[in-house]
Amino acid sequence: SQTIHQWPATLVQPVGSPLSLECTVEGTSNPNLYWYRQAAGRGLQLLFYSVGIGQISSEVPQNLSASRPQDRQFILSSKKLLLSDSGFYLCAWTRGRDEQYFGPGTRLTVT
Amino acid sequence: ILNVEQSPQSLHVQEGDSTNFTCSFPSSNFYALHWYRWETAKSPEALFVMTLNGDEKKKGRISATLNTKEGYSYLYIKGSQPEDSATYLCAFCESRDKIIFGKGTRLHILP
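Just so you know, the protein sequences line up as chains A and B, in that order. Going by our numbering, the first residue of the first sequence is number 1, and it counts up by one from there. Going by our numbering, the first residue of the second sequence is number 1001, and it counts up by one from there.
Keep in mind that the hints were calculated from the coordinates and are not lab data. Being a predicted model, the structure only gives us computed values, none of them experimental. Here a beta-carbon is modelled for each residue, glycine too, at the ideal position from N, C-alpha and C. Among the hints, a few may not be true.
Restraint-style ranges between C-beta atoms, simulated for each label pair [stated by the list, open to error]:
#1 A:Pro14 x B:Pro1008: 34 to 44 Å
#2 B:Tyr1076 x A:Gly41: 20 to 30 Å
#3 B:Leu1110 x A:Arg42: 24 to 34 Å
#4 B:Tyr1076 x A:Asn30: 32 to 42 Å
Derived BS3-like pairs: lysine-lysine, alpha-carbon spacing no greater than 30 Å straight-line [as the list claims (entries may be wrong)]:
#5 B:Lys1059 x B:Lys1069
#6 A:Lys79 x B:Lys1042
#7 A:Lys80 x B:Lys1069
#8 A:Lys80 x B:Lys1103
#9 B:Lys1069 x A:Lys79
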């Protein structure tokens, strides 16, 4: 069966510090991978998606970036965090029309 | 910019009552529509994947309908129970890779 992992679960970092969130998927190959963010009081916002290794599409221009160095690994990064980057970050995977399977999420607080 | 609207934003329903809420989406370039259930402190979980106009799906007391020509989907919950309290998200898929979430309907079941 497929499993999706995200870490860390919780993160508190100061403004201006770098960020690296990791997501890995097990039990499937060549999945589409997604990064979402839910900011306080807002819905789920798609940040990046990837259809293959090294292929990243950005939905919202901001100070975040994503990379997919391996088929089942998706990384969300920032060189310098802003206060507005605080939120709940979810990684998800899917195949075609199928529903998305979400990871457990990372709660990021930028102080 | 594609818009996926969900209404109402929040809903309080007495236990045992039935309820429904709406997801509106663009009526062009339809690929699929997903419904998710998102409980507090958990990750969203898929309820339904709907792909054809006129689709009706059912899972226990929860059902959904789809009208792609007019761009809406309804989610129905029959005989609400406390465990139904959650945020219900719909997601419009414009293509295999592009998915846009609504902001969700937050459902509170009153005992």
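Each hint tested on the structure:
no. : hint                            : result
1   : A:Pro14 x B:Pro1008: 34 to 44 Å : holds, 38 Å
2   : B:Tyr1076 x A:Gly41: 20 to 30 Å : holds, 27 Å
3   : B:Leu1110 x A:Arg42: 24 to 34 Å : holds, 25 Å
4   : B:Tyr1076 x A:Asn30: 32 to 42 Å : holds, 36 Å
5   : B:Lys1059 x B:Lys1069           : holds, 24 Å
6   : A:Lys79 x B:Lys1042             : holds, 28 Å
7   : A:Lys80 x B:Lys1069             : violated, 45 Å
8   : A:Lys80 x B:Lys1103             : holds, 28 Å
9   : B:Lys1069 x A:Lys79             : violated, 44 Å
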